[in-house]
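Visitor: In order, the protein sequence lines correspond to chains W and C. Going from the first sequence to the working numbering is simple: count from 1 and add 12. Going from the second sequence to the working numbering is simple: count from 1 and add 12.
Derived from the structure by calculation, the hints contain no laboratory data. Accuracy of the hints is not assured; some may be wrong.
Which copy? The list can't say, so a pair holds if one copy fits it or any two copies do.
Distance condition first, Cα-Cα at most 27 Å in a straight line; then the derived DSS-like pairs of lysine-lysine [said to hold, decoys possible]: (1) Lys-143 <-> Lys-66; (2) Lys-147 <-> Lys-206; (3) Lys-22 <-> Lys-143; (4) Lys-244 <-> Lys-37; (5) Lys-234 <-> Lys-51; (6) Lys-22 <-> Lys-65; (7) Lys-254 <-> Lys-293; (8) Lys-37 <-> Lys-143; (9) Lys-136 <-> Lys-66; (10) Lys-147 <-> Lys-37; (11) Lys-133 <-> Lys-297; (12) Lys-143 <-> Lys-133; (13) Lys-133 <-> Lys-206.
There are 2 protein chains.
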Amino acid sequence: MLFDKNILQKIDEELKTYVDIDNNKLYNASKHLLFAGGKRIRPYLTVVTYMLKKDDIEEVLPAAAAVELIHNYTLIHDDIMDNDDERRGKPTVHVVFGEPMAILAGDLLYAKAFEAVSRIKDNKKAHEVLKILSKACVEVCEGQAMDMEFENYYPTMEEYLEMIRKKTGALLEASIEIGAVMAECNEEEREALKEYAKRIGLTFQIQDDVLDLIGDQKKLGKPVGSDIREGKKTIIVIHALKTLDEEKKKRLLEILGNKDIGDEEIKEAIEILKPSIEYAKELMKQKTEEAKNYLKIFDKNRRKVLENLADFIISRVY
Amino acid sequence: MLFDKNILQKIDEELKTYVDIDNNKLYNASKHLLFAGGKRIRPYLTVVTYMLKKDDIEEVLPAAAAVELIHNYTLIHDDIMDNDDERRGKPTVHVVFGEPMAILAGDLLYAKAFEAVSRIKDNKKAHEVLKILSKACVEVCEGQAMDMEFENYYPTMEEYLEMIRKKTGALLEASIEIGAVMAECNEEEREALKEYAKRIGLTFQIQDDVLDLIGDQKKLGKPVGSDIREGKKTIIVIHALKTLDEEKKKRLLEILGNKDIGDEEIKEAIEILKPSIEYAKELMKQKTEEAKNYLKIFDKNRRKVLENLADFIISRVY
Chain W
13 MLFDKNILQK IDEELKTYVD IDNNKLYNAS KHLLFAGGKR IRPYLTVVTY
63 MLKKDDIEEV LPAAAAVELI HNYTLIHDDI MDNDDERRGK PTVHVVFGEP
113 MAILAGDLLY AKAFEAVSRI KDNKKAHEVL KILSKACVEV CEGQAMDMEF
163 ENYYPTMEEY LEMIRKKTGA LLEASIEIGA VMAECNEEER EALKEYAKRI
213 GLTFQIQDDV LDLIGDQKKL GKPVGSDIRE GKKTIIVIHA LKTLDEEKKK
263 RLLEILGNKD IGDEEIKEAI EILKPSIEYA KELMKQKTEE AKNYLKIFDK
313 NRRKVLENLA DFIISRVY
Chain C
13 MLFDKNILQK IDEELKTYVD IDNNKLYNAS KHLLFAGGKR IRPYLTVVTY
63 MLKKDDIEEV LPAAAAVELI HNYTLIHDDI MDNDDERRGK PTVHVVFGEP
113 MAILAGDLLY AKAFEAVSRI KDNKKAHEVL KILSKACVEV CEGQAMDMEF
163 ENYYPTMEEY LEMIRKKTGA LLEASIEIGA VMAECNEEER EALKEYAKRI
213 GLTFQIQDDV LDLIGDQKKL GKPVGSDIRE GKKTIIVIHA LKTLDEEKKK
263 RLLEILGNKD IGDEEIKEAI EILKPSIEYA KELMKQKTEE AKNYLKIFDK
313 NRRKVLENLA DFIISRVY
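Produce the complete structure using the sequences and hints provided.
Guide: Here it is, written out as structure tokens:
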């Protein structure tokens, strides 16, 4: 078992304390997604990073809850912005509660995240965590704005990488950095963990994009190739557009973002994208190895969980 | 001059440092309202509360910026939720930049507010401010949710007072409490300032509602009686429904929230509401006196500004 059930349970118990109000529309809307079966990867990363050096899990739980609460606020707002009706196979918050209440539910979780930070007992740690988390929140917004702009043009690989580093990477990196702060890591350790975090943040996003193309529909909770139909600019697509011959490139562009296409064209596009999927897989392997190498300065037994997590991220099926 | 220009300028300069990025749609959307001529009452309260005991304004500016950034995020999101097209005589953010970008602009200012808190140098003060501000943010959301629910029924006076204490009062109170923390006020001083804050928070909201009925259209930037047309439940309306005879009450309910009514009916409603407007004015006078009494424990010269502000709030014309 990669994820320790005991830790996951503690994270969930901590999260519940922030939204423990019943029969209230706002709180119901705020809980809808928060307890809909998310993987809890971010708070888990915070806790296991902390456990590289320390064992008093209770101390780190508010910090872990904070990153998960931020993650959930961004999902609720993103679903409104992107007009998505489903997530994890369930109707999104704005579909169930209406857009105004969904905006507000996101805003409430945002506030609760910083309330969580304020529950950290040590003044200095709370202050450090606040710096890291607020900076990450800024970057997440900037990344989302870039992503929205990409609807109007094909970004370069550099622009794309900046976008996902901000939109997805920033909060994953923050989750780890916050664990490091709570564990009182020294400068060298924090730097190593940052490099680890950058790489798994990247592989996390790439694996999402790969799974959309070659994953299992049932496990993903959405149809394979959704990104193709939506014309989403992923690292795979951008690599393909850079490397394909003119004919294949032209055909790919005809299919991408075309709402009228059927399963046949989706299959055709995936076929065209195959070399770029391979490129993405290779890149992930390389980044995962690099990530694990940065952990070498930590205790052999204690670092095991983070090593396994790096492997898990690129082997996961949903 | 009630508001010290020098302080206002310092607040604006501080605010600019958080959104100092040009040619970027997200940042343009975030700046649209932030520099559209707001009164800066909240950050001003933070600064002048601080100055009850201390003079190093630079120390308190990040905290002051934080409350103004939160205020602006709530306005942007509220305008989306309430579907309002204009604020301060200018088109709202979502009208100019579209709803997705407006949601995101609010989210960015939210993050910047906590970045501002993280810029407070002293660990302990930063931690205290974080506690106060995150709690206020939770209450603002709860208040807004209550206000949205009020669209479906007439709340009792108690429910109404709880709603405005949260929606409007919480952040005004936080602005003052944060000033007190930054000024290292003792427990007694903090309690007195809290009582002061509660009262001016209430009078601030009531004066808004009074101005809507008997204010100057040009100075307000919106037509007189908008609240009547929208059927807004204000303290004046709730008092009227509690005290009017059946005939007048019936007539008032016919007019309230009726989109087809003209200026004649607005005038008629205001006439019916006159005794309740008087009630509201009396209540404000009483609360303002109480508020000023709580300041008596502070230095006579230093407390002058807060005394004048309490008077200003109920005498302001916009």
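Visitor: At 27 Å max between alpha carbons, let me know whether Lys-22 reaches Lys-143 within a copy, between copies, both or neither.
Guide: both (25 Å within a copy, 23 Å between copies)
Visitor: Go through the copies and call it for Lys-133 and Lys-297: within, between, both or neither, with a Cα cutoff of 27 Å.
Guide: neither (39 Å within a copy, 42 Å between copies)
Visitor: Checking an output row: Lys-143 and Lys-133, CA cutoff 27 Å. Within, between, both or neither?
Guide: For Lys-143 and Lys-133, both the intra-copy (16 Å) and inter-copy (11 Å) Cα distances are at most 27 Å.
Visitor: Have a look at Lys-254 and Lys-293 and pick one of within, between, both or neither, based on CA distance no larger than 27 Å.
Guide: For Lys-254 and Lys-293, only the intra-copy Cα distance (17 Å) is at most 27 Å; the inter-copy one is 69 Å.
Visitor: Please work out whether the CA atoms of Lys-244 and Lys-37 approach to 27 Å or closer within one copy, between two copies, in both situations, or in neither?
Guide: between (34 Å within a copy, 20 Å between copies)
Visitor: At most 27 Å between C-alpha atoms: does Lys-133 with Lys-206 qualify within a copy, between copies, both, or neither?
Guide: both (24 Å within a copy, 24 Å between copies)
Visitor: If the cutoff is 27 Å on CA atoms, where do Lys-147 and Lys-37 land: within, between, both or neither? Let me know, please.
Guide: Between copies only: 19 Å across chains, 31 Å inside a chain, cut-off 27 Å.
Visitor: First find the shortest C-alpha distance between Lys-136 and Lys-66 inside one copy, then the shortest across copies, and answer within, between, both or neither for a cut-off of 27 Å.
Guide: both (17 Å within a copy, 24 Å between copies)
Visitor: At most 27 Å between C-alpha atoms: does Lys-22 with Lys-65 qualify within a copy, between copies, both, or neither?
Guide: Within one copy, since 19 Å is at most 27 Å while 44 Å is not.
Visitor: When no copy is named, should Lys-234 and Lys-51 be tagged within, between, both, or neither for a Cα gap of at most 27 Å?
Guide: Intra 16 Å, inter 48 Å, cutoff 27 Å: intra-copy only.
Visitor: Using 27 Å as the alpha-carbon threshold, which applies to Lys-143 and Lys-66: within, between, both, or neither?
Guide: both (22 Å within a copy, 26 Å between copies)
Visitor: Since the copies are identical, ignore which copy is meant and state whether Lys-147 and Lys-206 lie within 27 Å (CA to CA) inside a copy, between copies, both or neither.
Guide: within (14 Å within a copy, 31 Å between copies)
Going down the numbered hints, you'll see the structure goes against just number 11.
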